[in-house]
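Residue numbers (the working numbering), protein chains in the order written: chain A, 9 to 512; chain C, 467 to 1041.
Just so you know, the hints here were simulated from the structure itself, not pulled from any lab data.
Do not rely on the hints blindly, as some may be mistaken.
[Said to hold, decoys possible] Pair ranges (Cβ atoms, derived):
no., chain 1, residue 1, chain 2, residue 2, range
1, C, Val812, A, Arg127, 27 to 37 Å
2, A, Gln130, C, Asn869, 58 to 68 Å
3, A, Arg407, C, Asp532, 51 to 61 Å
4, A, Gly222, C, Thr771, 52 to 62 Å
5, C, Gly559, A, Asn238, 17 to 27 Å
6, A, Thr87, C, Asp785, 52 to 62 Å
Backbone N, C-alpha and C define an ideal beta-carbon position, used for all residues, glycine too.
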Amino acid sequence: MFNSKSHFFKEFEMKSRPASKTNARQSGRKFAVFVINASLIVAAALPYSHAGGISDKPWSEKAITDHVQQSRLTGILTTQELNLLAAKGKKLFDAKFTVLDGAGRPLATHAIIPTKRKRPIQKAFNRISGPDANSCASCHNQPVTGGAGDFNLNVFSSEGFTGQGSDSTDPQFSNERNTNHIFGAGLIELLAREMTAELQELRRKVLIDTRNSGQSQTVRLITKGVDFGNLTASADGLVDLSEIQGIDTDLVIRPFSQKGVITSLRQFTINALNQHHGMQAMERFGQRWTAEADFDGDGLPNEVTAGDISALVAWQATLAPPVVFKPEKQNWQQASAKGMKLFGKLECTNCHLPSLPLDSLKFADPGPLDAAGTLRQSDSSTQAIYDLAKTEWAASLPRNADGQVVVPLFGDLKRHVMSDGEVNKLGNELLSQRFVARNEFITAELWGIASTMPYGHRGDMTTLDEVITAHGGEARLSRDRYVTLSEQDRLDIIAYLKTMVIKQ
Amino acid sequence: MSIFKLQYMAASRNFLPRKNRKMIPDIVSMVIGAGLIITVCSTSRANENMTNPNFSDIPQMQEQSDKAGISHVYDGPWEFFVGGGASAMDCNGDRRPDLAMAGGTNPLQLFVNKSSTGGVLSFEARKLEIDAEDLLNVLGIYALDIDNDDHTDLVLLRLGRNIILKGGPDCAFTRANELFAIEGGNAWTTSFAATFEKQVKFPTLAFGNYVDRDAPGSPWGTCHDNVLLRPGKAEAPDYSSPTSLTPGYCTLSMLFTDWNKSGTPSLRVSNDRQYYRGGEEQLWHINKHQPPRLYSREDGWQHLTIWGMGIAEADIDGDGFPEYALTSMGDTKLQSLDPQANGLPVYTDIAWERGATAHRPYTGTDLNPSTGWHSQFEDFNNDGILDLFIAKGNVEKMPDFANFDPDNMMLGQPTGKFVEVGEQSGIALATKGRGAVITDFNMDGMLDLVVVNRSGPASVFRNVGARNEENTDKSKSMGNWLQIELQQDGPNRDAVGALISIKSGNNDRSRRINIGGGHASGSLGFVHVGLGVAERAMIRIKWPDGSWSSTYRVFANQFVVIKRDDVVPRYWFPQ
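So here's chain A without its partners, still in its complex pose (with noise of 0.2 Å):
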């Protein structure tokens, strides 16, 4: 519950706060009449809407008590605009939706594509098939909002995901996740966009060529140095996608959830907006794709417009990414050191990319890559920017030779088999997800991985030793070298890996 003024100035106020107190007090004074003054000036101009007569009052049960419009988010948003979205993001990130906000579902499954249940629902919430949570922020709170959850917070993937099979409530039709943190997922998202972008315009050309020399090419798919297999294109415009890995067959790179299968921040919002708290976006679940303005039949219509998904995208891109700390301690320093060195030696680095270099920080919603059933860039008449490198922990970042930012990602956004007959832990779940095999997952992205414990994708894991030592299938030969190691070089990569935290 906010009034949104009070809200927006509070929120810049928190999030302006420097290290040094006496700077922080007149930093704040500052920040503070900025903030009076643009709201003064941005208020009229905001793209909010109220969302009903009885919202503003303090004691209102309604989580959400204004709606941002979509139409009036456009072009590269300025500083203070795209603050003022991500504040009003926040704030829907931390809200404990109410069924004054539309909360519940009765009446539709959990499925991405929206779907009725058999029957009506007969408890508000579901720990298997959800609604399972109040708030995003209350399972992503590890070790602040937008962080990781513990064992507690995991949730299911479960077989109805896509379906009707959702009315079951039995686990064991279910995979259990642990909940991922999010921060730098814009850089994430953004690194998908342009790997994605290479490897169909690799498509395009090796078709073209084929189609020139009338004979059958293949093409190696390397896009930032990550190698995704083979594609054949033959002279009638034919792809054989036999020999592609770790990606989907349309070249597409889906970062987000420990599949990987996601394309976007925004399709993911959408679709944990219903799953765990049976709040509808409207543009999966409105009127244009089911006919219906309350198709969860929890007697409220349009629950959650294509601005608030925006607002909620754009808090989320413009997370900070995790860093890593030089350790005040000169042993920690001096092992930290030794452990970058063996993590490299022991070729994790292979998957676990230091990091990847990415073009432009400009981040467009909508983005390039969504589907119907996800605003695309062709169905608005506008498209907002939100230019990352506005944000205060862009100029941290470091550049290139060749101009570009260096993302100390960790990873290498591509999906590798995990687990073999000898080394299964990491091989775990019951049901294989959106077309992708049950033991195959995208590399975990280790920034932050210090912050983030649980580990392992079930978050059954206590230590990084522990889920180091499980890594197997492609990942066998790194870990079989790192279990052979001296007990001190592998508490070296522990502290290395220890080095790399989300900054709070």
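We have chain A; now place chain C onto it with these hints.
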């Protein structure tokens, strides 16, 4: 009593609960119907089904025949009041649909597709090296690969001898009547269908004929018999032993259809009551090694007389049994197999309850009943629900029927109903529609439309996407889609008769590869499926021999090519 009223009496039965309908004799129903005529014609209920949905994507169909380079008129004397077909097929191996159009007394024309991907429609007329006489008096065109050489052949339905054009490289066609031993007859042929009977190398062909003009008393009650051509056992197609399908009732559409999921299609025949006497709609048993046999009353076949013009088939309710849209004068029939039919071909007309009667013009001031011709189920807005297109147009100058009679685009809704959007979509032109082709000419995932019009230029509509209320100058993308091509070695390369099952989430959709139906128009090529908001789908194929494929996992918005026994499907990318 006018034809118009009779039509509405038939429609009015559907006001009644289904279980009661059969209990009421037709005459009672007629009385009830008569009482309701005024209601039907004037109340909002009739218009309810014609209301613009303010939520579904309405495809914007831009007429671009000039830009597309298509100048074509179907015309001629009364023999060409019917017919006016077209066919889309790939005649040069680039997988883009090319276009052949019947001209009546004007020559048949072939247009090679030169459209850029996602761009304006563009065609190049291609001169056929065929005796000019053979290209005249053509009423209809159907495409199929008769001799399994991977080149699509064309069957030309003519006033006089039917012609088979054998396809070759780069849209080179040669007359193949002699090669295939198809005499071609001398009738007034107006309909066609083909199927591959099990373990037979070449297709079985059915030709539907219209009025026998030489018979005494013609045209009334003088319908010509239809003909079934089964291939011989030679290594090459040999159709030298035709079988008569007697009686013929002036057939304007026919379709091989596996109506009961038996695996053996029957031949459904839609007939024009305008000329027959004592006739009706027909269904033929076509069992291998047996002569054709009509379904009789004992078989459960029910008497139905309509001005049958075109058959469209689709399983719109997902029960595995196809529904049929039968165009006529006045109301369109939408037949669904009665769940209590117990294996018999007993159908219930659900057109009224589904809002699909399309019985009169949905716009303008002409309230006379419509005349429907080509019908086809497709998903124009990619919302995952089949829509129904009907070409409309007065026969010539029939005063009791609408003169301004625009084509229908009825969008399927999640409720199961259809809603008319012909006017909003841009296809409500003052033309006399006959045959039609619905396919994606510019390979952008959205279905385009060509309508052959009698005595007027053909309409070429490019589907540019959904109406954008925020910016009417710019259309929006619609739902996700797939286009699927099947291949198999040996006979029946294009898998005619195959059932394609497409599953996404809880939604099961199906498409059948058919040669036949519609009005004088039959196409061959990618099968289009709208997926709505699904970004993935699983495809299974029931091949024509009845065996099921494994499951193929594909992503949306792709052209998918599945060759029988492929482990992984291939994607195709247009140039």
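Hint check results:
Separated by about 32 Å at the C-beta atoms, Val812(C) and Arg127(A) satisfy the suggested range of 27 to 37 Å. Range check, Gln130(A) to Asn869(C): Cβ separation about 59 Å, and the 58 to 68 Å hint holds. A hinted range of 51 to 61 Å holds for the C-beta pair Arg407(A) and Asp532(C), which are about 53 Å apart. At roughly 57 Å, the beta-carbon separation of Gly222(A) and Thr771(C) lies within the given 52 to 62 Å, and the hint holds.
Separation of Gly559(C) from Asn238(A) is about 26 Å and conforms to the stated range, judged on CB atoms against 17 to 27 Å. The given range of 52 to 62 Å is respected by Thr87(A) and Asp785(C), whose C-beta atoms sit roughly 58 Å from each other.
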